[in-house]
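Q: With chain A's structure known, arrange chain B on it following the hints.
Residue numbers (this note's numbering), protein chains in the order written: chain A, 1 to 1168; chain B, 1169 to 1503.
For the record, the hints were derived by calculation from the structure and aren't laboratory data.
Among the clues, some could well be false.
[Claimed, not checked] Simulated crosslink set (DSS-like; lysine-lysine; CA at most 25 Å straight-line):
1. A:K786 x A:K699
2. B:K1379 x A:K285
3. A:K631 x A:K763
4. A:K699 x A:K631
5. B:K1230 x A:K285
6. A:K201 x A:K117
7. A:K783 x A:K763
8. A:K631 x A:K522
9. B:K1349 x B:K1230
10. B:K1455 x A:K285
11. B:K1299 x B:K1349
12. A:K522 x A:K505
13. B:K1497 x A:K919
14. A:K281 x B:K1495
15. B:K1449 x A:K285
16. B:K1283 x A:K281
17. B:K1449 x B:K1385
18. B:K1495 x A:K1079
19. B:K1379 x B:K1283
20. A:K581 x A:K522
21. B:K1449 x A:K281
22. A:K919 x A:K786
23. A:K438 x A:K505
24. B:K1349 x A:K285
25. B:K1385 x A:K1079
26. A:K804 x A:K245
27. A:K763 x A:K786
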Amino acid sequence: NDRGYNEKFLYADNRIKTSKYNIFTFLPINLFEQFQRVANAYFLFLLILQLIPQISSLSWFTTIVPLVLVLTITAVKDATDDYVSIAEGPVSGHLASPVLSLQNEKWMNVRVGDIIKLENNQFVAADLLLLSSSEPYGLCYIETAELDGETNLKVRQALSVTSELGADISKLADFDGEVVCEPPNNKLDRFVGTLTWKNNKYPLDNEKLLLRGCVMRNTEWCFGLVVFTGPQTKLMQNCGRTAFKRTSIERLMNTLVLWIFGFLLCMGVILAIGNSIWEEKVGGKFRVYLLWDEVLNDAIFSGFLTFWSYIIILNTVVPISLYVSVEVIRLGHSYFINWDRRMYYRRRDMAAEARTTTLNEELGQVEYIFSDKTGTLTQNIMVFNKCSINGRTYGDIYDEFGHKVEITEKSPSVDFSFNPLRDKKFRFHDHSLVEAVKLGDPAVEEFFRVLALCHTVMPEEKNEGELVYQAQSPDEGALVTAARNFGFVFRARTPETITLYEMGKHSTYQLLAILDFNNIRKRMSVIVRNPKGQIKLYSKGADTILFDRLAPSTEDLIYTTSEHLNEFAGEGLRTLALAYKDLEEDVFAEWMVRLHEASIALENREECLALLYEEIEQDMTLLGATAIEDKLQEGVAETIACLTLASIKIWVLTGDKLETAMNIGYSCNMLRDEMSDVFVITGHTALEVQQQLRTAKEKILGPTREIVNGEKDAEKMDLYRNDSVFEETITSEYALIINGHSLAHALEADLERLLLDTACLCKTVVCCRVTPLQKAQVVDLVKRHKRAVTLAIGDGANDVSMIKTAHIGVGISGQEGMQAVLASDYSFAQFRYLQRLLLVHGRWSYLRMCRFLCYFFYKNFAFTLVHFWFGFFCGFSAQTVYDQWFITLFNIVYTSLPVLAMGLFDQDVNEQNSLRHPKLYELGQLNVLFNKRQFFMCTLHGIYTSFVLFFIPYGAFSSNVRDDGSHIADQQSFAVTIATSLVIVVSVQIGLDTNYWTAVNHFYVWGSLTIYFCILFAMHSNGIFTIFPSHFPFLGTARNTLTQTGVWLVILLTTTVCVMPVLVVRFLRTDLYPTMTDKVRHTQQASRRQRPQEQNLKRVRRTSSRRSAYAFSHQEGYGELITSGRNMKVAVPVFSLLRKRGDPATGTTVVAWSSGSGTRESENTQGQ
Amino acid sequence: MKSQQAANRPDNTAFTQQRLPAWQPMLSAHFVIPGFLLIGMAFIGIGVALYITSQNIQVLEKDYTGTGQYTACSECADMQTIPCICNVTFSLTTLFTGPVFLYYGLSNYYQNYRKYQVSRDDVQLWGDVTKSPGDACAPYQYIDNKPIAPCGSIANSMFNDTFSLYQIINGTMKLVPLDGKGIAWWTDYNIKFRNPSAQGSLQDAFNGTMKPVNWSKPAYELNPSDMNDNGFLNQDFLVWMRTAALPDFQKLYRRITSGDYALGLPPGDYVLQIEYNYAVKDFGRKKVVFSNVTWMGGKNEFLGVAYIVVGSLCLVMSVVMLVVYAKYKFADENA
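This is chain A alone, in the form it adopts within the complex (with noise of 0.2 Å):
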């Protein structure tokens, strides 16, 4: 604890430098780290060539002026980034810990072997050595949803050696202690390390450590030893740097500077080659007049330096601005997602967030979309919606029509407040159920019976009257919920009784027996002993199970309800049938007898109790039946719908189980009862798995591609290149659901090509049971094979690999903590939104970016190729057409605003009409706005531009003079003339490239022209002649030339020549093959009066096919700990205890108590 002999050894301070740099060492690493680009050095090199007199054809500053500008952007770009990052940080630094001595030290002071107090619901300040704590034997409580996700409650002991210490402070400030542990990791689970005191040695693990980022809970205070600070902290250690992601789009644009660059070398070649065979034939004859230097004589070593000069000139075709734009752009793209209010979410009070801005357009390509599950899809809330009791159903209203009425969150809510231990939150539409409890109708008051009495919640009171249960699966926390709501409170348990709160009295019932659920029996049952003396059987579980054990007597009623399951089931709701049965005392004395012989059996202990439980959950009486909504997220099967329908694949990986995932699958819409099969793939070995996916996959092809399986797999692999047309012909729907064993076989390099085809030839694909690991192997396989940008979405840190490996990973910031939000490039709180991000979003970013590199691109080529044009008529001397100020200028001023306006604010088609045709998304999948050959068309266009912009004033100049008669084919003219006409041209070309004029863009259009004649005007002026006569020798020449009529009639020829062939063909390009977005277009313009409804994306109803399971996710043996009372131990206040992971008693189960995370974590484990 002594500080300064820690100091010695240099541990990272607790400041979490996420800034890069401060304000003496900015301008010299930001200045390092710009010149590794390749563009930047580029321009650097061009700029030592312009220093070069020899070859030097341009002015140094027609390079550094946009250089520098574009430095300057890009610096302060970086220094707010960085700033940002710094006005973050101080948020969770100034929290403050009280030190031992007792000053109030901010958190970045905090330095490795200190010793910190913590207090109730403070978050841990650094990865910390428990010491002591205020609850007994050093315990203490906290939440570590900031690092895993998990919201349960974990606990941490102290040594007991030094959990004597106490709050005893002189004491703990003589703790001299030394800890030996191992170097920073980013294991949240594991920690080793010893403690060395008073010449003892102590083991130190995970379980005595606290970490940066939990929060303590149920503990006044405690007191730690500071073990790692900052950025060696566990929780910095697990936010590994992802890896650089970057856009399609962006790969295409460095291999196309690349091959410009490739142009410019020809380009500079073709020209050098000209300059020899020039200065050999032409220019030697004018020695008299032009040449003065020997070494120039030589037409080789001429051609050579001309070469070095045009390079000079020419270097703007690679555009020195572009990726300074496109940042900008992208910048500006991620804001409008930041901005959007159709993506905050008011509940959470949660706006969208892009949190990298480098990959927008790609939301406008993805084709397909990984997504999680719970918490993604679903609410991960189970809610009791309806129940069907002895052949009636609950849970619809209907109006005074008798027609059902829609549920929605305005329908009036049954009135609960007759019972005072009701659930606040729970809602119940149907008010005749109520009625019925209220009428003690004996069927209704056995079903809540069962409701509340079978099953193995823990119920906890930490109020009178404030009932809080701890459910191991949200369904059974539904179930018994919703019995609370309705009259029937479970109100306490210990391992022999059941306290029911019963309409108003208390009555206890004595457990007699748990017959646990597992997967084989699917059902679970409770005998007990109810007040009045009887001994009763209560049951529940999946009907197709619990049917077959009724008695035979309630035929009629098995009908009924059956149809309502049914109807249930078509509603997407998780059923469970309910049933009970009296028991005779002496039978059941009997078979308790054997059921005790059987529990202490050696040999056969399960089945000897599986044939008894089936033994005695025999012919029952049906109650009923439960139908619980596993909600799903808002318009979550609408988003689906309509993603669907913009051809973007969803493949939902979820840890849950099999049943449960086909149930979601089937309220998600992604199954339906049309789809012509659904490939359920089980597998548990290799071959079956192979077996499997062949069996399907040739079921598919077989209509259509039967020649094809017999032949050699070499053609396989042509054949897997036409895959997507097949992919089109194939009209049946099909749907695949891999299992998590099976897919760990057919991730296999040898199955994951079958995995593959198939996959890609059904509609729909789960993968259930998948590992974190396995969902990033999956996006990984569709990332390498199929040239598809891939988006995973998700919200827990079992998402968070999958997130990082896809192209675009996107969280929901939704209960399960940040760490899915921290590795995603975009988050936001609905899954609906994210049809929003791409349909909207993403579309316009991608077809802004397109535009705009199109644009670009003509723009540079247009600009700089009349230097080549003119190369033959200055005898290849690598003289400039214009002036050298308009050089510098052009890019960054005078045509700069104007794209990147469009870049920004462009919009095809609006808003509504993005989600409304959902094929327009098409464009960008198949990538058809930017690729090679547009950017061939951009380029070609701009090649014809210069050449019309050089030869029509050529030819117009080349006799002409001024009305005056003194001449004006002087070179000064001739280039005002070209670069007037060049402006004029590209604001018109992007005026036609518009296609949605703001106020922004007419400013900037509007704006770039008029500058562009101020400064023209200002630079041909007298007075800054007069001032820097070596630099302005245009004087004049705007005055004497533009005011010509000639010269006038010169640009507008130039103009229409170059914009005529445009219009047409875009014209003819509309009208003879138009695109959807030109039909859409079309529409939005006649359309604008009258608004067109809404199109309805409504949940389509399923009627048949039963999917009714008990699909819980359940695990097997809490009836065992219940009925033992092992887990009742602990008294009132840390009944978190209970939350403890891993009961050290029965030692291998692994056992989550926390209603929020419990079915994730068992998804996890069971997974792996």
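A: Here is chain B on its own, set in the frame of chain A:
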């Protein structure tokens, strides 16, 4: 409370929600086809006007290189006798409407060659002969360590043939007055070029400088007949210093505006007396051009023809588009 809850709620402005009011133009047939028609007709109109105007301009060109097919001045072409004076005769049958301009033209002469074009010093030409000439002037920068004024290749290669025109009336040669004033741009004469200022004469101002190697006379003696037309402000010098953009060019030499010839050159026989100093025969040709001008400048058939061609193309395209549009519409209605 409510406002606190919505702390992260984005602003609802047209800008942030990307709903800025906007004009969304489309290439609709109602706009494009008539547009093309109009542009086409307008262009043909302009083109015809240009063409006719251009046709009305009278141009008389005389190549006097002295080699090849034109024999004029062949006696001087070998550049043996200097100065060599030769005559070019021509006769006019109609009035050459005035004002008539006399140009000299050089072809295949690369005034736009980069090293040539930069070989000047604008500061020096602005009247500062005391400073050392810029490096771009090399090798016409110094002679014997004295700066050349004006320095550089452009000045050094100044065109130095001179012309005088006579009308032959009854066998006697009547001098046609040639006006050399104001043939350069106003800005060049008044702002961009300045003579060095000094006490005393212009010659004093050029003291300490050398004349360019090719020049026979120093700058301050370029025009012995007009003291104000000397130094850097010599009109011919100014015209020459405004370098041509293309290798075939003509530069204004004189105007014929005064005396009996104010209305133009009347029909008759003329003799153009040329002092042949400038050697071009190795690479190109030189000529004299008489021309008059109109509102659109000198004779230029290219522009008129180009306008007519582009206008016609516009018309053709509008018809094509109309046909396509009608077909498309028709098909659309059928569908």
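Q: If a hint holds in the structure, say so; if it doesn't, say that too.
A: Hint-by-hint comparison with the structure:
1. The suggested pairing of K786 of chain A with K699 of chain A holds, with an alpha-carbon distance near 22 Å, which does not exceed 25 Å.
2. For a cut-off of 25 Å, the pair hint linking K1379 of chain B to K285 of chain A stands: about 24 Å separates their Cα positions.
3. With a C-alpha separation of about 24 Å, the suggested pair K631 of chain A and K763 of chain A falls inside the 25 Å cut-off, and the hint holds.
4. A threshold of 25 Å between alpha carbons decides the hint, and for K699 of chain A with K631 of chain A the separation of about 34 Å lies outside it, so the pair is violated.
5. Of the supplied pair hints, the one linking K1230 of chain B and K285 of chain A holds, its CA atoms being roughly 24 Å apart against a limit of 25 Å.
6. At roughly 24 Å between alpha-carbon atoms, K201 of chain A and K117 of chain A fall within 25 Å of each other, so this suggested pair holds.
7. For the proposed pair K783 of chain A and K763 of chain A, the alpha carbon gap of about 18 Å is at most 25 Å, so the pair holds.
8. Our distance criterion of 25 Å between C-alpha atoms is met by K631 of chain A and K522 of chain A, whose separation comes to about 22 Å.
9. A distance of roughly 23 Å separates the Cα atoms of K1349 of chain B and K1230 of chain B; the hinted pair therefore holds under the 25 Å criterion.
10. Annotation: proposed proximity of K1455 of chain B to K285 of chain A holds, straight-line Cα distance about 19 Å (limit 25 Å).
11. Proposed proximity of K1299 of chain B and K1349 of chain B is contradicted: the alpha carbons are some 30 Å apart, above 25 Å.
12. Straight-line distance between C-alpha atoms of K522 of chain A and K505 of chain A comes to about 33 Å, which puts the hinted pair past the 25 Å bound.
13. As the CA atoms of K1497 of chain B and K919 of chain A are separated by approximately 24 Å, the hinted pair is consistent with the 25 Å bound.
14. For the suggested pair K281 of chain A and K1495 of chain B, the alpha carbons sit about 57 Å apart, so the restraint of at most 25 Å is broken.
15. Pair hint K1449 of chain B plus K285 of chain A holds up; C-alpha atoms about 10 Å apart against a cutoff of 25 Å.
16. The straight-line distance between the Cα atoms of K1283 of chain B and K281 of chain A is roughly 18 Å, inside the 25 Å bound, and the hint therefore holds.
17. Distance check on the hinted pair: K1449 of chain B and K1385 of chain B sit about 23 Å apart at the alpha-carbon level, within 25 Å; holds.
18. A distance of roughly 17 Å separates the Cα atoms of K1495 of chain B and K1079 of chain A; the hinted pair therefore holds under the 25 Å criterion.
19. About 21 Å separates the Cα atoms of K1379 of chain B and K1283 of chain B, which keeps this hinted pair within 25 Å; it holds.
20. A threshold of 25 Å between alpha carbons decides the hint, and for K581 of chain A with K522 of chain A the separation of about 18 Å falls inside it, so the pair holds.
21. Between the alpha carbons of K1449 of chain B and K281 of chain A the distance comes to roughly 14 Å, so the proposed pair stays at or under 25 Å and holds.
22. Distance restraint check for K919 of chain A and K786 of chain A: the Cα-Cα separation of roughly 21 Å lies within the 25 Å cut-off, and the hinted pair is therefore satisfied.
23. Among the hinted pairs, K438 of chain A with K505 of chain A is consistent with the structure: their alpha-carbon atoms are about 14 Å apart, no more than 25 Å.
24. Taking the CA atoms of K1349 of chain B and K285 of chain A, the gap is about 34 Å. The hint is violated against a cut of 25 Å.
25. Of the pairs offered as hints, the one joining K1385 of chain B and K1079 of chain A is violated, with about 76 Å between alpha carbons and a cut-off of 25 Å exceeded.
26. At most 25 Å may separate the alpha-carbon atoms for a hinted pair to count; K804 of chain A and K245 of chain A meet this at roughly 9 Å.
27. With a CA separation close to 16 Å, the supplied pair K763 of chain A and K786 of chain A stays within the 25 Å bound.
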